[in-house]
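J.: These are the residues of each chain, in order.
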Amino acid sequence: MDLGFFLEVVFAGLLSGVLYSLVALGFVLIFKASGVFNFAQGAMVLLAALALVRLIEWLPQWLPALADQRVVTIALAFILSGGLMIGLAYAVERAVLRPLVNQEGIILFMATLGVTYFIDGAGQTVFGSNIYNLDVGFPKDSLFLFEGVFEGGVLVNEIDLWAAVVAGMLVLFLALFFQYTATGRALRAVADDHQAAQSVGIPLNRIWVIVWAVSGLVALAAGMVWGSKLGVQFSISLLALKALPVLILGGFTSVPGAIIGGLIIGAGEKMAEVYIGSHIGGGIENWFAFMLALVFLLFRPQGLFGEKIIERV
Amino acid sequence: MTMTAPAKKIGDVMLRAENISLSFGAVKAIIDVSFEIREREILAIIGPNGAGKSSMLNCINGFYHPQQGAITFKGVRRAQMEPHEAAEQGIARTFQNIALFKGMSTLDNIMTGRNLKMKRNLFWQALRVGPALAEEIAHRDFVEHIIDFLEIQAIRKVPVGRLPYGLQKRVELGRALAAEPTLLLLDEPMAGMNIEEKQDMCRFVLDVNDQFGTTICLIEHDMGVVMDISDRVVVLDYGRKIAEGPPDVVRKDQAVIDAYLGVQH
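Those protein sequences? They're chains A and B, same order as listed. Numbering-wise (our numbering), the first sequence opens with residue 1 and increments by one. Numbering-wise (our numbering), the second sequence opens with residue 1001 and increments by one.
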């Protein structure tokens, strides 16, 4: 076997896995803090990406002063898109979560399904439904690594490396935020026990807004990276489905789990496609992740890092 | 075990519950109950199972909203109130079934009790510099005093889910104390404890009342404990108040004896 080629496959897999991780991260944050499985996470990624790409296009038209200021335009569009995601968090809390407080998990899940379709529809009504090319300045060249070690080196896309950097910084920031700030502590407290959290004076409503807003910003980061790579289009919202096996692998409540689960799925499906797919005619990449998740459900239902589910009788 | 508290000044009325009625559908949990809690006293609410004791505490801290009646706290007659608002006004509590944050350490659990005292906004917290850091250190200092007071130094880094029951109860008390409450509600603080744990908890409750001047309203089943530590007792039965007064008087009350021995209603 050609080791250089093998590494190339693994790298490509790991780097696309980073993108799955980014989406899964949004799920985990909301699930941890409110016990809600937010089906709308994929739609939020699409909305954020659409807002970003269209604002970059529209801002110079609205403000002629920005015409030559590419960097300023992108920064401004990024901030406005972030503001949109925070606004969405407020709206969801007001219109969906607050009226449904103390309802069963399945009801909240159904509500997020509704939110999904609303965001999909409204987002495309406002921002358009074509395929848009998003360029926020990520270099798109290919790089050859380890050229001295292997013949021909290992080919990676520079944009994938940037995606990994974005994801890594995001995770580091979130981990520190959750562990070392008073608000992070309040978020963990709410995740553990709603009633107890209220009794020490933590307002549930505000916590929900914060966690949905943070998830929205994670969705913006994911949308920016995915959009740069594949173009901004409706299929981004289907990413939510790819994040499911990642969550089952990593555990629904674990931030590191979302990252490592994404990497395993990404690398696993690429390797399966290349090394097994070639023997049975290909097409493995699309379902391999789900099969891996099934195997996990059989042997380790709490995932790699999830909290062990113990039912006391 | 001598439990004679030193002479203390019981002050004015801190909380007045007037004609409280609460029902869940057709079930009447509390029927027209009125009582007062005075500053610096230890008031016990007792009664058989299902008498409405926990419901009463839940009304006071805002988990339940009674259909009738009103609660006046520190002179302010309040309308419907949410639990976090009650906490802001200085009401802290513990729960019958321990409600700790099981995945977090003892220290972090008690730190959540300081949540309301932290004023720096998210932005400074996230940067973890200057004022936010100084604030965190000051609160940490306060929490260490509570940990010393409750004698739980050895378990400060242990996730509370792993602690034995009696210690969990103590951590829960610590979290309530961290908020520096003026009114502390304890829902069966000694339930399920062995005799030594009960004695420890009694001592902590009396010390909190004595040293910090905290007003305490507690629910308890162990009559020995109630008679030893409380200044006054309110007795509920089937949602109604059937007696109120100092422990010695209540103990001899015929209605109370009937309720506890089970006379036909």
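Since the hints were made in silico from the structure, they are not lab data. There could be a bad hint or two in this list.
[To be verified] Stretch by stretch, here's where chain A covers chain B in the computed footprint (C-beta under 8 Å, at least three residues):
| no. | region |
| --- | --- |
| 1 | 1021-1027 |
| 2 | 1070-1084 |
| 3 | 1090-1100 |
[Said to hold, decoys possible] Derived pair list, reagent style PhoX-like, types lysine-lysine, alpha-carbon separation capped at 25 Å:
| no. | chain 1 | residue 1 | chain 2 | residue 2 |
| --- | --- | --- | --- | --- |
| 4 | B | Lys-1102 | B | Lys-1198 |
| 5 | B | Lys-1157 | A | Lys-32 |
| 6 | A | Lys-32 | B | Lys-1102 |
| 7 | B | Lys-1074 | B | Lys-1009 |
| 8 | B | Lys-1102 | B | Lys-1074 |
| 9 | B | Lys-1157 | B | Lys-1102 |
[To be verified] Listed below are several chain A residues computed to face chain B (Cβ distance under 7 Å; list not exhaustive):
| no. | residue |
| --- | --- |
| 10 | Gln-179 |
| 11 | Ala-182 |
| 12 | Ala-189 |
| 13 | Asp-192 |
| 14 | Asp-193 |
| 15 | Gln-195 |
| 16 | Ala-196 |
| 17 | Val-200 |
| 18 | Gly-201 |
| 19 | Lys-229 |
| 20 | Leu-230 |
| 21 | Gly-231 |
A virtual CB, placed ideally from N, CA and C, is assigned to each residue, including glycine.
J.: It remains to establish, for every hint, whether it holds in the given structure.
T.: Here's how the hints hold up against the structure:
Proximity of the region 1021-1027 of chain B to chain A, defined as three or more residues with a beta carbon under 8 Å from a beta carbon of that chain, is not established by the 0 residues found. Chain A is given as covering the region 1070-1084 of chain B, and this holds because 3 residues of the stretch bring a CB closer than 8 Å to a CB of that chain, at least three being needed. By the rule of at least three residues with a Cβ nearer than 8 Å to a Cβ of chain A, the coverage given for the region 1090-1100 of chain B holds, with 5 such residues. A distance of roughly 22 Å separates the Cα atoms of B/Lys-1102 and B/Lys-1198; the hinted pair therefore holds under the 25 Å criterion.
As the CA atoms of B/Lys-1157 and A/Lys-32 are separated by approximately 22 Å, the hinted pair is consistent with the 25 Å bound. Distance restraint check for A/Lys-32 and B/Lys-1102: the Cα-Cα separation of roughly 14 Å lies within the 25 Å cut-off, and the hinted pair is therefore satisfied. Straight-line distance between C-alpha atoms of B/Lys-1074 and B/Lys-1009 comes to about 17 Å, which keeps the hinted pair within the 25 Å bound. Under the criterion of a C-alpha separation no larger than 25 Å, the hint pairing B/Lys-1102 with B/Lys-1074 is inconsistent with the structure, at around 33 Å.
Straight-line distance between C-alpha atoms of B/Lys-1157 and B/Lys-1102 comes to about 12 Å, which keeps the hinted pair within the 25 Å bound. Of the supplied interface hints, the one on A/Gln-179 is violated, with its beta-carbon coming no nearer than about 9 Å to a beta-carbon of chain B, more than 7 Å. With a least beta-carbon distance of about 5 Å to chain B, the hint placing A/Ala-182 at the interface is held under the 7 Å criterion. Residue-level restraint check for A/Ala-189 holds (minimum Cβ-Cβ distance to chain B is 5 Å; threshold 7 Å).
Satisfaction of the interface hint for A/Asp-192 is found here, the shortest Cβ-Cβ separation to chain B being roughly 4 Å, below the 7 Å cut-off. Contact between A/Asp-193 and chain B, as hinted, is supported at the beta carbon level, the nearest pair being about 5 Å apart and thus within 7 Å. Using the Cβ-Cβ criterion of 7 Å, the hint placing A/Gln-195 at the interface with chain B is satisfied: the shortest such distance is roughly 6 Å. This hint holds: A/Ala-196 has a C-beta 4 Å from the nearest C-beta of chain B, less than the 7 Å allowed.
Here the hint on A/Val-200 is kept, as its CB sits about 5 Å from the closest CB of chain B, short of 7 Å. With a cut of 7 Å, the hint placing A/Gly-201 at the interface with chain B holds, because the nearest CB-to-CB distance is about 3 Å. Given hint, A/Lys-229 at the interface with chain B, is violated; its Cβ is 29 Å from that chain's nearest Cβ, farther than 7 Å. At about 31 Å, the closest approach between the beta carbon of A/Leu-230 and any beta carbon in chain B exceeds 7 Å, and the interface hint on this residue is violated.
Interface hint status for A/Gly-231: violated, as the beta-carbon distance to the closest one in chain B is roughly 33 Å, over 7 Å.
Comparing the model with each numbered hint stated earlier shows that hints 1, 8, 10, 19, 20, 21 do not hold.
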